[in-house]
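Counted from 1, the sequence shown has number 39 at position 39 by this note's numbering; the numbering is strictly sequential.
Keep in mind that the hints were calculated from the coordinates and are not lab data. Treat the hints with care, as some may be off.
Here are the computed lysine-lysine pairs in the BS3-like style, where the Cα-Cα straight-line distance is at most 27 Å [to be verified]: (1) 59 x 72; (2) 21 x 4; (3) 21 x 50; (4) 4 x 59; (5) 72 x 4; (6) 72 x 21.
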Amino acid sequence: SGVKEFFDCCYYGALSRIVGKPYGLVVSAGTDGEGAARQMVRICQGWRLKQVAAPLIFKNGAQTAETVAAPKSCPVAALARCEELGGVLAA
Numbered sequence: 001s002g003v004k005e006f007f008d009c010c011y012y013g014a015l016s017r018i019v020g021k022p023y024g025l026v027v028s029a030g031t032d033g034e035g036a037a038r039q040m041v042r043i044c045q046g047w048r049l050k051q052v053a054a055p056l057i058f059k060n061g062a063q064t065a066e067t068v069a070a071p072k073s074c075p076v077a078a079l080a081r082c083e084e085l086g087g088v089l090a091a
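Turn these sequences into a full structure, and let the hints guide you.
Set out below in structure tokens:
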């Protein structure tokens, strides 16, 4: 995947600067998102980042090429949870 390739290309150059840094994960998914979240957590563990909260997964119901590519809006409740996660990271 493009994200894994990005991480692989940056790994050694960034590792000494990011070890132990906190991270939060937000996934926008069609109807699941669990697999994507698991893979990102594994990548972040390999980078030795510190998970500060469980991944947030927001499901938008997109299942077709058209609905996946279509613009999305983020519900107010989801934005609030993202802001809360940002506050945890900033603390």
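Under the constraints set out in the numbered hints, which ones does this structure not fulfil? Hint 6 contradicted; others consistent.
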